[in-house]
Amino acid sequence: DTGVSQDPRHKITKRGQNVTFRCDPISEHNRLYWYRQTLGQGPEFLTYFQNEAQLEKSRLLSDRFSAERPKGSFSTLEIQRTEQGDSAMYLCASSRQTGTGELFFGEGSRLTVL
Amino acid sequence: GNSVTQMEGPVTLSEEAFLTINCTYTATGYPSLFWYVQYPGEGLQLLLKATKADDKGSNKGFEATYRKETTSFHLEKGSVQVSDSAVYFCALSDYPDSWGKLQFGAGTQVVVTP
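Chains C and Z supply the protein sequences, listed in that same order. With the numbering used here applied, the first sequence covers 72 to 185. With the numbering used here applied, the second sequence covers 95 to 208.
Next comes chain Z alone, as it looks inside the complex (with noise of 0.2 angstroms):
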């Protein structure tokens, strides 16, 4: 079956630093790949995602390139703010029709200090 994996957390950084958050898939098809993230308090939102072979995806100064050679869906940011602190989540899908149904993984808490 299709799952999603990445790296454990906490992952505590100062700000500025350079992010680098792993994310690998297995999955029949071509899946599409998303980053969602959750900020303290608030629901999930979709940070980024890439819909086939070699896209990248960017939003908010993070970017993840869909590696399908790899398996692979890395996600970065080169200089992060404590307002970056959240738990970030990647995730698959891989159902053209209800895209919707979403396979996440375990998610990666970001803890980020002045």
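Extracted from the complex, chain C is given alone in its bound form (with noise of 0.2 angstroms):
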């Protein structure tokens, strides 16, 4: 399978502990972004890498969020403290620097916040 693929899909954690969250994006794509999605809600986007650079952060994104692509291929989004209010599926999605505007997501990382 050459897909966005993410992991863990489903994490349960009590409120205050730190998670992790990986995506592998499609080999040939520079650019790969973060959206999180919460029940009945469409995806809002948080944060997006070029290679390793990252380029851009929404206000979504708080000071115990950080995300990382150290080498420009798979990233990480880790949340520390958590909260109930983070409870969210956390997507990914690639793609490449130009083209037509597509993007490639994964299932996603469910996350429940007890």
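Some clues are possibly wrong.
[To be verified] Facing chain C, according to a computed beta carbon distance under 7 angstroms, are these residues of chain Z, among others:
#  : residue
1  : 137
2  : 138
3  : 161
4  : 180
5  : 183
6  : 194
7  : 198
8  : 199
9  : 200
10 : 205
Think of the hints as simulated: they come from the structure by calculation, not from any bench. Even for Gly, the Cβ is constructed at its ideal location relative to N, Cα and C.
Using the supplied hints, reconstruct the complex from the two chains, each of which is provided in its own coordinate frame.
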């Protein structure tokens, strides 16, 4: 399978714990995006990378959130000191830098904070 | 700021019925418009897009026309199948350089019954 893969698919944690999600994009894609989706809502943009550079961060990305893409390949999204409001589906997508405007999404990582 | 409004679901139809999902937007400049679809258990995938006024996007029997005068991008299909059951998201991007930063609507669930 050469699509976008995310791990873990589901994470249950207690409030105050740290969690980390991993995204492996399509190999030839140099752009990588993180979105968050809560129940009944559309995805909301969090941040994106071009190669290893993080080019933009949404105001939704508080200080407790950090994303990295150290070698321009896979990316991690870490949430520190989780809160119940962090419960959501975290989506990763990738794309070429130029092209048709199409994002390729993974199936998401669902976070439940108890 | 930018926003996308789409009709609430669920929309329940019989097979071979005509489907319309309304989508209107607010944006500065000249956004690109998209419809993404999420089938059960799968990641979001691009259904169709239009990048300028009066463009018509089409794919898999679905069509949508970019109407600048009414700021709309309604999705239509003439004869739906059970396999079209999914959640449909209207989205826009108005940054030519970072077009992957999408603003999504809340999604419309479509249920097609045999």
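* Which numbered hints are broken by the structure, listed smallest first? -> 3, 4, 10
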